[in-house]
Amino acid sequence: MNKHPNTVIEVENLVTHYGDREILKGVTLDVRDREIMVIMGGSGSGKSTLLRHLMALETKTSGTMRILGQNIDDLSQRDFFDLRKKIGVAFQGGALFSSMTVGENVMLPLYEHTDLDQMTMEIMTRMKLEVVELGGFEDLKPSELSGGMIKRAAFARAIVMDPKILFCDEPSAGLDPVVASALDDLILLLRDAMQMSIVVVTHELESAFKIADRITVLDKGHILMVGTVDEVKNSTNERVYNLLNRVPEDDNMDMDKYLQRLTGVEVQEETVL
Amino acid sequence: MTEPSPQNAFIKFCERIGRTTVSGVEEIGHGGVLIGESFYWLIYGPRVKQPVRLGAIFQQMMEVGIHAIPIIALLVASIGAMLAIQGIHTLRVFGAESRVTIGIAFSVVREFAPLIIGIVIAGRSGSALAARIGTMKINQEIDALKVMGVNPVRFLVVPSLIAMVIMVPMLTIFGDIVGLVAAGLYVNANLGISMAAFFHDVVDILTIDDIMHGLTKSFLFAILITVIGVVNGAGVQGGADGVGKATTRSVVQAISAIVMTDMIFAFVATG
Numbered sequence: 057m058n059k060h061p062n063t064v065i066e067v068e069n070l071v072t073h074y075g076d077r078e079i080l081k082g083v084t085l086d087v088r089d090r091e092i093m094v095i096m097g098g099s100g101s102g103k104s105t106l107l108r109h110l111m112a113l114e115t116k117t118s119g120t121m122r123i124l125g126q127n128i129d130d131l132s133q134r135d136f137f138d139l140r141k142k143i144g145v146a147f148q149g150g151a152l153f154s155s156m157t158v159g160e161n162v163m164l165p166l167y168e169h170t171d172l173d174q175m176t177m178e179i180m181t182r183m184k185l186e187v188v189e190l191g192g193f194e195d196l197k198p199s200e201l202s203g204g205m206i207k208r209a210a211f212a213r214a215i216v217m218d219p220k221i222l223f224c225d226e227p228s229a230g231l232d233p234v235v236a237s238a239l240d241d242l243i244l245l246l247r248d249a250m251q252m253s254i255v256v257v258t259h260e261l262e263s264a265f266k267i268a269d270r271i272t273v274l275d276k277g278h279i280l281m282v283g284t285v286d287e288v289k290n291s292t293n294e295r296v297y298n299l300l301n302r303v304p305e306d307d308n309m310d311m312d313k314y315l316q317r318l319t320g321v322e323v324q325e326e327t328v329l
Numbered sequence: 362m363t364e365p366s367p368q369n370a371f372i373k374f375c376e377r378i379g380r381t382t383v384s385g386v387e388e389i390g391h392g393g394v395l396i397g398e399s400f401y402w403l404i405y406g407p408r409v410k411q412p413v414r415l416g417a418i419f420q421q422m423m424e425v426g427i428h429a430i431p432i433i434a435l436l437v438a439s440i441g442a443m444l445a446i447q448g449i450h451t452l453r454v455f456g457a458e459s460r461v462t463i464g465i466a467f468s469v470v471r472e473f474a475p476l477i478i479g480i481v482i483a484g485r486s487g488s489a490l491a492a493r494i495g496t497m498k499i500n501q502e503i504d505a506l507k508v509m510g511v512n513p514v515r516f517l518v519v520p521s522l523i524a525m526v527i528m529v530p531m532l533t534i535f536g537d538i539v540g541l542v543a544a545g546l547y548v549n550a551n552l553g554i555s556m557a558a559f560f561h562d563v564v565d566i567l568t569i570d571d572i573m574h575g576l577t578k579s580f581l582f583a584i585l586i587t588v589i590g591v592v593n594g595a596g597v598q599g600g601a602d603g604v605g606k607a608t609t610r611s612v613v614q615a616i617s618a619i620v621m622t623d624m625i626f627a628f629v630a631t632g
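Keeping their order, the protein sequence lines are chains A and B. 57 is the number of the first residue of the first sequence in my numbering; add one for each residue after it. 362 is the number of the first residue of the second sequence in my numbering; add one for each residue after it.
Each pair of labels, with its calculated beta carbon distance range: (1) A/Ser99 - B/Glu376: 28 to 38 Å; (2) A/Thr120 - B/Ala627: 51 to 61 Å; (3) B/Ile389 - A/Glu294: 47 to 57 Å; (4) B/Ile389 - A/His73: 23 to 33 Å; (5) A/Val321 - B/Val386: 26 to 36 Å; (6) A/Glu262 - B/Ile427: 47 to 57 Å; (7) B/Ala627 - A/Lys142: 49 to 59 Å; (8) B/Pro431 - A/Arg90: 52 to 62 Å; (9) A/Val303 - B/Val386: 44 to 54 Å; (10) B/Met423 - A/Arg90: 42 to 52 Å; (11) B/Thr382 - A/Glu200: 43 to 53 Å; (12) A/Val303 - B/Gly385: 41 to 51 Å.
To be clear, the hints were calculated from the coordinates, so they are not data collected in a lab. We put the CB at the ideal spot given by N, CA and C, even for glycine.
Here chain B stands alone, though its shape is the one from the complex (with noise of 0.2 Å):
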C-alpha cells in the first residue's frame, strides 16, 4: 500500500484551489446568463404563451419594497443622525460646524443610502429568494413548474428581477429624504440652524449627478442581490442543510458584492 506522500498533499491542495476557481467562475457564468435569460422571457415571452404576470411583479415590490419601509427608515434616520454628529465633532476641530451639511448631503446621497439599503435588501429580501427556490428545487417545485410546461426563470426570476430594480432605487429615493430629514432635526437641535435652511443649503449643494450617482448604483446591488440569491437558491445540494449553507452564502457573497461594487463605481464615477 502507498503512503500518502507531501507531494500528493500538495497537489491535491492545488487542485482544490483550481477547482474552487473553476466553480467561481462558473458562478458568475450562471448568473450573466441568468440576467440574459430574464430579459428573453420578459421581451420574448408573451410569444410563446409565457408572460411574465404582472400581478406576480406587484406581490414581489409589496414583499422586497413596501415591507421593507419600516426598518430601512430606522437605520437611514439612524445613519443620517450618526453622519450629523460625526460631522459636527470633526467640523468643530476647525471651528466650520456650519459647513456640516456639505458632508451630510453628500455622504448621504451619494454613499450611504444606497449602501445601508443594499445591504438590508441582500439580507431581507435576497436571502429570501436563496431559501425560496432552495427549497422550491429540493421538494421538486422546479421539476414540477418544467413539467408543466412553466419556464421556472420567467415564473420565479424575472418577477423578483423587474421587483429589485424598481423597489430598491425607490428606497434608495426614499432612504435619501428620511436621512436628511434626521441629520437635519440633529443639526437643528446642535447648531441651531432652522430646517428650512438645512435644506436650502441641502438643494444648494446637490446635483442630479449625486441623486443618479446613488440611483444607478442601487440599480445594480439590485441586479447584484437578485442574481446572487438566485444562483444560490438554484445551486442546492442535499436536504434543508443545503438552503441553509445557500441563505447564508447568497447573503455574504451579496454584501461582498455591494460593498466592492460601490467602491469600484465610486472610483469610476467620482473623476
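Next up, chain A with everything else stripped away, as it sits in the complex (with noise of 0.2 Å):
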C-alpha cells in the first residue's frame, strides 16, 4: 500500500479475537490529516471492534497500530495519557456521565487535564456547547435532554480538548432523519472549523456519502474496499453492491450445521445401511 504523507491512523494487519472468535482478520488501514472516513458494514462486520480498537480500548491479538505517528504498543503510561488528550470520541448512546450536569460533562476534561482557572473553563465549555447549538443547557442533566442533544452534547465534550482526531461511533443512529442530517452537518463544519481528522462509524449510507471524504467497507472481518464516494458507489464487489443496495446475503446453507443448531445436538456422519 502506497502510504499518504499526512497520515494520522496507521493500522497494519490488525487481528483481533472476542474469546475464541476472531473477529478482525488483518484489517489494514490509514487515516489522514482532515478527513472524514467513514467506516461501513452490516451488523457483525466488526466495524465497532475496528473502532475501540482504533481508540486503543481492546488488546489486540496481532498487528501494529500507529495513532498520530506513536506506535500504541511503544508508549508509556504517561504518553499513552498524554494521546488520549489529543483524541475525542462520541459514543453511540452520549456516554455523559448521568449524575453530572451537561457543563460538568463537558468541562470534566478540561478539569482532569488542565490549570486553567473555573472561569476559562466555563467559558470554554459554553463555547463548545455554542458550536452544538446547546447554549444555554449547561445547568440541565443528561436525563433531561433529547436523543439528539444527548449526541450534541457528547460531541462538545469530545472536542473541548480541540482534539486531532475524532471517533464517532453511529451518530445518526436512533434520530429521525431531520436531526441526524444536522449531526451530519454539524461534523463537516467541526472538520473545517477545526481542522480535524474524523473517523465516523455508521451503517447509515445517506450519512455516509454526505459526509465522506473516504469510505472503508468492512464485511466480516475483512477490509472489502477503501474509497472515494464515487469509487464506493461505482464498486462492482458483489458484496458491496448488496450492501449499498439493501440485498440480503444469500449465503450457502449447511444443512448438518443448520440442524445442530436447531437441535443442540451434534449431527453424526449417517451410516447407510
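Once you've looked at the hints, go ahead and assemble the two chains, each given alone in its own frame, into the complex.
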C-alpha cells in the first residue's frame, strides 16, 4: 500500500479476537489528516470492534497501530494519557455521566487535564456548547435532554480539548432524519472549523455519502474496499453492491450445521445400511 | 444422532462446579488487584497528573457516612437496648442483673456496633457502588473516562475506598456511643442504676484493645464492602437486568464476607 504523507492513524494487519472468535482478520487502513473517514459495514462486520481498537480500548491479538505517529504498543503510561488528550470520542449513546450536568460533563476533560481557572473552563465549555447549538443548556442533567441533544452534548465533550482526531460511533442511529442530517452538518463543520481528522462508524448510507471523504467497507472482519464516495458507489464488488442496495445475503446453507444449531445435538455422519 | 448420556450429565455437572470455582477465584484475584491498583493511584497518581481529588473523597464521605447517621443511630440504639433487655433477663436467673454492664460493654464495642454498621453500609453504599459502576459500564461511561485519559480506578474507586475506610470506623465510634447510651437508658429505667454509674462501669471494663478490636474489624469491613461492590459492578454484563443482579450479589457477598471475617477476626484476636 502506498503510504500517504499525512496519515494520523495507520493500522497494519490488525487481528482481534473476542474469546475464541476471530473478529478482525487482518485489517490494514490509514486515516489522513483532516479527512472524514467513514467505516461502513453490516451488523457483525466488525466495524464497532475496529473503532474500539482505534480508540485503544481493547487488546489486539496481533498487528500494529500508530496513532499520530506513535506506535501505541511502545507508549509509556504517561505518553498514553497524553495521546488520549488529543483524541475525542462521541459515543453512540452519548455516554454522558448521568450524575453531572451537561456543563460539568463537557468541562470534565478540562478539569482533569488542565490547570485553567474555573471561569476560563466555564467560558470554554459554553463556547463548545454554542458550537453544537446547545448554548444555555449547561445546567440540565443528561436525563432532561432529547436523544439528538445528548449526541450533540457528547460531541461538545469530545471536542472540548480541541482534539486532533475525533471518533464518532453511529452518530445518526436512533435519530429522526432531520436531526441526523443536522449532526452530519455538525461533523462537516467540526472538520472545517477545527481541522480535525474524523472517523465515523455508521451503517446509514445517506449519512456516509454526505460526509465521507473516503469510505472503508468492512465485511466479516475483512476490508472489502477503501475508496472515495464515487468509487464505493461504482464498485463492482458483489458484496459492496449488496450492502449499498440492501440486498440480503444469501449464503449457502450447511444443512448439518443448521440442524445442529436447531437441536443443540451434534449431528454424526449417517451410516448407510 | 447421539442421546445425552448420564455420563455426559455428570461431566457437565463437574464442569459447572469447576467453572464456578475458577470464576470465584478470579473474582478474589480481581479484588486483590483492585486494592493494589487503588494504592498505586493514590501514591503514584499525582506524578502522572492523575491525582485523587479531595472533593470526590468528601462527596463520598458525605454519602457513605453522614447520610447514614440517622439509620445507624436507630439500629445501634435498638441493638443496645436489646442487649440490655436480654442481658438483664439472662442474668436474673443468677440474681446478677447488676453485672449486665460487662456483657453490654463488650458486646456493643467489640461485636454489635461494627457488625451492624458493616451490614448497613454494605446494603446502603456497597450496593449503590455496584449499581453505579455497573450502570456506568453498560452506558459506556467507563469507556468514556478511559478515552478521556482518566483512569477509572483513580476517578471512581479510590475516592469511595478512602471514604469508606475513614467513615466506617468513624460510624463505629458513633455507634459505640449511641448503643451504650441506649443500653444505659434501659438499665437505668429497669435497674435504677444511674447513667453516671453505668458509664463509670463501662469505662472501667473497656480497654483500648476492646475499642481497637471493633475499629480494626470495621476497617476490614470497609475494604471488603468497597472491593466487592466494585468487582460486581465492573463485572456487569448485559443491561438493566445485569445491574440488578450485580447489586444483589454485591450485598449478599459483602454481608457474607463481613460475618465470616467477623468470626475469623474474633477467633484470631481473642486469644
